[in-house]
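Student: Taken in sequence, the protein lines are chains A and B.
Its first residue numbered 5, the first sequence is counted upward by one per residue in this note's numbering.
Its first residue numbered 5, the second sequence is counted upward by one per residue in this note's numbering.
Calculated from the structure, these hints are not laboratory results.
Because the structure is a prediction, the values reported are computed rather than measured.
Do not take every clue at face value.
Pairs count within a copy or across copies, as identical chains cannot be separated in the list.
Computed cross-link-like contacts, DSS-like style, restricted to lysine-lysine with a CA-CA straight-line distance of at most 27 Å [unchecked claim]:
#1 LYS39 x LYS6
#2 LYS41 x LYS17
#3 LYS47 x LYS6
#4 LYS47 x LYS10
Protein chains: 2
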Amino acid sequence: MKTRIKELRARNKLTQADLASLVGVRRETILFLEKGKYNPSLKLAHKVAMALGSTIEEVFIFEEEDLL
Amino acid sequence: MKTRIKELRARNKLTQADLASLVGVRRETILFLEKGKYNPSLKLAHKVAMALGSTIEEVFIFEEEDLL
DNA sequence: TATTAATGTTTTGTATATCTAACATTATGT
DNA sequence: ACATAATGTTAGATATACAAAACATTAATA
C-alpha cells in the first residue's frame, strides 16, 4: 500500500518524529508506514489522517492487490 | 470502535458468512468487527467497505477515545 | 567542515488481529 | 414442532503491527 504521508507531512512541516508524537507511536512506525512496509490498524490510520488534516482515503492509496 | 456493518449488511442482504467470503476472512472475524471487538487492519477495513458499497469513514465510527 | 537534525536500518520482544475448529443459541421456514 | 440457517461464544495457534533500543546514513545549518 502506498501513502501520501511524506507529502502531507512536508506540507504541514512535520518531521517523522513530530507526527509520531502527535499520533502516539514511535518514529520508526511512521517511517515504516510511509514506505508502505506495513498495513496499519484502522485506528492508527485514522489518527495519522487526522494529524495530517486529511482523511484515510486521501492519505492511504489502495491498490488492486489490496482487494485480493 | 462502533460500526455500521450490521446495518449495511442487511441493506445489501448479506449474511456474515457472505460478507466474510467476499472479503476473504472467516465469519467470526466479521462478527467480531461488527461488535467492535477489534480494530481491523486498514486493508481489511477497506475491503469490508468496498464489499458493502461504502467507504471506510461511513462504515466505521471513530470515537474520541480513538484519538488517545 | 564540523555539528546537529532528520531519516533509515536492524534486532528482539510483546500484544493482538486473524485463523481454525467446535459447540451453543437464536431466528426462519416448512 | 422440527429442521436448517444465521448468529454468537470460546479456546488455542499463528502471523504481524508496533515497541524499544541501538546504530548508520543523509540533509541541513552555523
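Student: The structure should be examined with respect to each hint, and the outcome stated for every one.
Tutor: For each hint, the structure was consulted:
1. Taking the shortest Cα distances, LYS39 and LYS6 sit within 27 Å of each other inside one copy (7 Å), while across copies they are farther apart (29 Å).
2. Taking the shortest alpha-carbon separations for LYS41 and LYS17, only the intra-copy value of 23 Å comes in at or below 27 Å, while the best inter-copy value is 36 Å.
3. In this assembly of identical chains, LYS47 and LYS6 lie within 27 Å of each other by CA distance both inside one copy and across copies; the values are 18 Å within and 12 Å between.
4. Proximity of LYS47 and LYS10 under a CA criterion of 27 Å is satisfied in both settings, with 19 Å inside one chain copy and 20 Å between copies.
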